[in-house]
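Given only the sequences and the hints, what does the whole structure look like? Please build it.
Number of protein chains: 2
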Amino acid sequence: MEAPYIVIIATGSEITAGRSLDTNSGWMANQLFELGWKVKKFIGLPDDPDLILSELNTLKQLAETRPVLALMTGGLGPTEDDYTLETVLKLNGKKSYSVEKAKIRLQRIYESRGKQYSDILPTVLRQTHVPEDCKTLDNAVGIAVGFVEPIGVNSYLVCMPGVPSEMKEMFTRRLVPELKRIYPRENLVQKTKWLWNIGESLYQKDFVEANREELFHNVEWGVTANRGYIKCIFQSTESQQLDKIIQRLEKEYPKIISDDVFVYDHEILLAEKLTIAVGESCTGGLLGKKLTDSPGSSSYFVGGFLTYSNEMKVSLLGVPNDVLEKFGAVSRETAEAMAKGIFEKTKADYCISITGIAGPEGGSEFKPVGTVWIGLKTPDGNIQTHSYIFPGNREGIRENASNTALFLLYQSLKQRNL
Amino acid sequence: MEAPYIVIIATGSEITAGRSLDTNSGWMANQLFELGWKVKKFIGLPDDPDLILSELNTLKQLAETRPVLALMTGGLGPTEDDYTLETVLKLNGKKSYSVEKAKIRLQRIYESRGKQYSDILPTVLRQTHVPEDCKTLDNAVGIAVGFVEPIGVNSYLVCMPGVPSEMKEMFTRRLVPELKRIYPRENLVQKTKWLWNIGESLYQKDFVEANREELFHNVEWGVTANRGYIKCIFQSTESQQLDKIIQRLEKEYPKIISDDVFVYDHEILLAEKLTIAVGESCTGGLLGKKLTDSPGSSSYFVGGFLTYSNEMKVSLLGVPNDVLEKFGAVSRETAEAMAKGIFEKTKADYCISITGIAGPEGGSEFKPVGTVWIGLKTPDGNIQTHSYIFPGNREGIRENASNTALFLLYQSLKQRNL
Numbered sequence: 000m001e002a003p004y005i006v007i008i009a010t011g012s013e014i015t016a017g018r019s020l021d022t023n024s025g026w027m028a029n030q031l032f033e034l035g036w037k038v039k040k041f042i043g044l045p046d047d048p049d050l051i052l053s054e055l056n057t058l059k060q061l062a063e064t065r066p067v068l069a070l071m072t073g074g075l076g077p078t079e080d081d082y083t084l085e086t087v088l089k090l091n092g093k094k095s096y097s098v099e100k101a102k103i104r105l106q107r108i109y110e111s112r113g114k115q116y117s118d119i120l121p122t123v124l125r126q127t128h129v130p131e132d133c134k135t136l137d138n139a140v141g142i143a144v145g146f147v148e149p150i151g152v153n154s155y156l157v158c159m160p161g162v163p164s165e166m167k168e169m170f171t172r173r174l175v176p177e178l179k180r181i182y183p184r185e186n187l188v189q190k191t192k193w194l195w196n197i198g199e200s201l202y203q204k205d206f207v208e209a210n211r212e213e214l215f216h217n218v219e220w221g222v223t224a225n226r227g228y229i230k231c232i233f234q235s236t237e238s239q240q241l242d243k244i245i246q247r248l249e250k251e252y253p254k255i256i257s258d259d260v261f262v263y264d265h266e267i268l269l270a271e272k273l274t275i276a277v278g279e280s281c282t283g284g285l286l287g288k289k290l291t292d293s294p295g296s297s298s299y300f301v302g303g304f305l306t307y308s309n310e311m312k313v314s315l316l317g318v319p320n321d322v323l324e325k326f327g328a329v330s331r332e333t334a335e336a337m338a339k340g341i342f343e344k345t346k347a348d349y350c351i352s353i354t355g356i357a358g359p360e361g362g363s364e365f366k367p368v369g370t371v372w373i374g375l376k377t378p379d380g381n382i383q384t385h386s387y388i389f390p391g392n393r394e395g396i397r398e399n400a401s402n403t404a405l406f407l408l409y410q411s412l413k414q415r416n417l
Numbered sequence: 000m001e002a003p004y005i006v007i008i009a010t011g012s013e014i015t016a017g018r019s020l021d022t023n024s025g026w027m028a029n030q031l032f033e034l035g036w037k038v039k040k041f042i043g044l045p046d047d048p049d050l051i052l053s054e055l056n057t058l059k060q061l062a063e064t065r066p067v068l069a070l071m072t073g074g075l076g077p078t079e080d081d082y083t084l085e086t087v088l089k090l091n092g093k094k095s096y097s098v099e100k101a102k103i104r105l106q107r108i109y110e111s112r113g114k115q116y117s118d119i120l121p122t123v124l125r126q127t128h129v130p131e132d133c134k135t136l137d138n139a140v141g142i143a144v145g146f147v148e149p150i151g152v153n154s155y156l157v158c159m160p161g162v163p164s165e166m167k168e169m170f171t172r173r174l175v176p177e178l179k180r181i182y183p184r185e186n187l188v189q190k191t192k193w194l195w196n197i198g199e200s201l202y203q204k205d206f207v208e209a210n211r212e213e214l215f216h217n218v219e220w221g222v223t224a225n226r227g228y229i230k231c232i233f234q235s236t237e238s239q240q241l242d243k244i245i246q247r248l249e250k251e252y253p254k255i256i257s258d259d260v261f262v263y264d265h266e267i268l269l270a271e272k273l274t275i276a277v278g279e280s281c282t283g284g285l286l287g288k289k290l291t292d293s294p295g296s297s298s299y300f301v302g303g304f305l306t307y308s309n310e311m312k313v314s315l316l317g318v319p320n321d322v323l324e325k326f327g328a329v330s331r332e333t334a335e336a337m338a339k340g341i342f343e344k345t346k347a348d349y350c351i352s353i354t355g356i357a358g359p360e361g362g363s364e365f366k367p368v369g370t371v372w373i374g375l376k377t378p379d380g381n382i383q384t385h386s387y388i389f390p391g392n393r394e395g396i397r398e399n400a401s402n403t404a405l406f407l408l409y410q411s412l413k414q415r416n417l
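If you read the sequences in order, they're chains R and D. Counting from 1, position 327 in the first sequence corresponds to residue 326 in numbering that gives the first Met the number 0; the numbering is continuous, with no gaps. Counting from 1, position 43 in the second sequence corresponds to residue 42 in numbering that gives the first Met the number 0; the numbering is continuous, with no gaps.
FYI, nobody ran anything at the bench for these hints, they're computed from the structure. These figures come from a predicted structure and were not determined experimentally. One or more of the hints may lead you astray.
Remember, identical chains collapse to one label, so a pair may be satisfied in a single copy or spanning two.
Using 20 Å as the maximum straight-line C-alpha spacing, the simulated SDA-like pairs for lysine to any residue come out as follows [unchecked claim]:
1) 37 with 52
2) 204 with 76
3) 250 with 416
4) 250 with 115
5) 366 with 110
6) 272 with 379
7) 102 with 48
Have a look at this one:
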């Protein structure tokens with residue numbers, strides 16, 4: 000079957016008024032890319048039923064000539080500016096019905112909050128409605144039910160909630176299996192590796208261009224730049240081809256390569272019953288936040304210290320006053336003393352300290368904005384220290400620093416497991 | 000003159016592949032909204048000249064029936080996948096010429112880097128080209144020249160660079176004066192307020208619908224839902240009309256209304272030389288991170304404690320063991336003891352503690368997932384405690400909890416200043 004012409008539609012006046020950034024479309028495009036599908040067009044529309052209907056009609060017409068897959072988010076909520084269901088019913092001349100399972104779920108949610116079924120406003124109940132004769136997509140996170148509505152031969156309009164957490168769960172768990180069934184394709188294998196503190200253009204020139212003829216036959220590649228790392232993605236129907244690329248990548252970048260550190264660190268800390276604690280200055284809590292993003296992190300994350308001021312570095316972590324005076328708060332010696340202090344207070348297996356200049360003020364000739372020292376106390380009692388000058392604005396520097404700390408942790412955990 | 004039908008187009012395969020988030024379109028829409036113009040549609044396209052030309056042809060056709068304003072970013076750079084100029088020339092059957100001023104600017108940039116004019120690659124020089132007979136838009140930040148190309152009666156296609164800093168400067172300084180000249184209109188005033196822990200549908204029913212006849216004549220309104228709060232936006236050409244709405248809003252929601260707490264807390268803490276410290280359990284550092292997002296926060300943010308485990312609540316903050324045993328880690332008593340402990344260790348004017356169940360595990364009948372206690376020690380020495388059951392997943396509950404803590408701080412700071 001011909002590959003579908005994929006369009007992603009985000010509805011919501013908050014998006015087209017610029018009050019809210021549409022992150023759903025990019026996220027879906029990325030997921031689809033990983034499945035081997037490329038998106039032809041993004042569309043963003045205000046909550047205007049005429050504009051939405053006219054756009055859907057255009058897609059329905061296009062579906063007369065080729066398979067079309069339209070993924071639409073938003074407009075399934077309870078307010079008067081939620082028009083998705085109404086518009087789809089008009090598009091295909093259908094009626095709607097209330098999905099029993101979703102109604103029961105809604106009732107349970109109301110009861111758990113001490114309310115009655117009769118308290119449910121009709122507008123809220125409307126979120127359990129879908130068009131007749133369509134494939135429904137359960138919502139495990141929120142209330143509104145998603146659905147896959149046919150709009151032509153091998154052509155579908157998928158409607159999902161605009162709330163990112165609801166959409167993502169529905170997309171991954173409900174929609175992807177459905178799409179794989181509707182549009183079967185050769186099994187694509189994908190491999191991903193991360194490279195740290197390297198630019199994407201340099202990677203492209205030094206690795207992709209240099210190895211293109213030898214290694215990239217029948218391989219699609221992509222790269223996503225993030226704070227501190229780039230994600231290198233390779234796809235092919237030939238798994239061996241990918242293995243060769245990964246081997247070459249590991250050979251050329253042995254010191255800066257990793258897997259997904261967020262996943263790896265979490266799994267190894269859990270599996271090996273290791274504990275971790277942090278002491279943060281310029282990141283102000285961001286590293287602790289990242290270490291506790293995953294459920295179950297309470298098994299390894301003991302706690303931490305936000306020693307933003309020098310006084311707190313001294314009083315909470317016992318950093319000697321003369322270290323601060325002689326070397327400054329952003330120095331190898333302070334990072335080391337912080338890591339030592341964290342260990343003394345928590346006895347955690349791993350102790351990470353971060354101290355740096357996030358800017359925009361506070362930089363100097365020898366310590367420009369972006370200078371960050373990271374200390375890492377390992378289970379053997381040693382303390383490593385690493386220094387960086389991260390690019391970007393305040394937010395970028397803080398993200399870079401905390402992600403890089405997780406990479407240093409990754410390297411140490413990996414070393415353990417060799 | 001009829002208001003133009005406004006479309007914003009972002010080109011770039013990195014956008015439609017989800018590798019890069021298009022922030023330009025939202026930014027422009029926001030600027031236009033404040034000027035009183037609403038955007039009808041966002042479009043995102045890959046670097047594919049056929050898809051771009053087909054989209055522009057559709058807009059040119061639409062311009063036969065009404066004024067159309069299309070704002071396009073991207074594709075003006077020097078690489079082989081930059082197709083904007085070529086596509087626009089094809090659209091209107093025109094030739095291009097090199098803008099003298101831009102050529103001189105480019106030459107100076109090269110000379111300042113010790114290079115000759117002859118070093119300039121043809122692809123780089125191409126960025127100084129625009130179609131014949133169009134209005135050019137100078138680029139004060141980068142090299143590529145922007146332009147306003149007619150596509151019908153009172154209809155224009157504006158092409159600007161995709162680099163945000165170049166686009167923003169060009170938009171604000173070159174394009175807006177041009178647009179005001181082409182499409183004259185009345186000045187619009189905008190007011191915004193936040194309401195906490197209330198659903199947008201309830202707000203719409205109880206406030207907007209209930210007061211629509213009396214207060215909303217000649218007023219546009221919008222609402223954006225966030226974690227913990229909704230942002231209520233009102234626009235009108237009549238400023239008094241907006242004042243009446245804000246007064247009514249303050250009267251009806253005295254306990255949950257605020258301005259932008261992120262801005263207010265920062266400004267008042269700075270202005271009144273107050274200090275703050277935190278103790279976080281379930282948020283794991285997120286509150287500290289938010290409090291240090293703004294440059295200059297080191298003046299008020301002293302530091303904090305990430306007491307994720309019970310042991311750390313005891314050893315770092317001196318929470319009595321029997322409080323934890325009798326009332327549990329998620330309780331009024333623990334939140335209070337944490338706030339007290341933060342104060343004892345830091346002497347900060349404000350001390351905020353958060354303890355809760357972020358889930359997905361750990362909930363019980365009496366303390367379901369989402370239960371959060373927040374303690375707030377104020378400069379008078381009192382400790383307030385507040386409890387919530389926040390909706391959403393782990394991420395949502397953590398965002399809700401830390402934003403709500405900033406709202407409680409706002410209320411206390413506001414009270415001080417009454």
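The hints, checked one at a time:
1. 37 with 52: between (24 Å within a copy, 19 Å between copies)
2. 204 with 76: Between copies, since 14 Å is at most 20 Å while 47 Å is not.
3. 250 with 416: within (19 Å within a copy, 62 Å between copies)
4. 250 with 115: Answer is neither; intra-copy 63 Å and inter-copy 30 Å both fail.
5. 366 with 110: between (58 Å within a copy, 15 Å between copies)
6. 272 with 379: So residue 272 and residue 379 pass the 20 Å test inside one copy only (15 Å; across, 44 Å).
7. 102 with 48: Neither: 26 Å inside a chain and 47 Å across chains, both beyond 20 Å.
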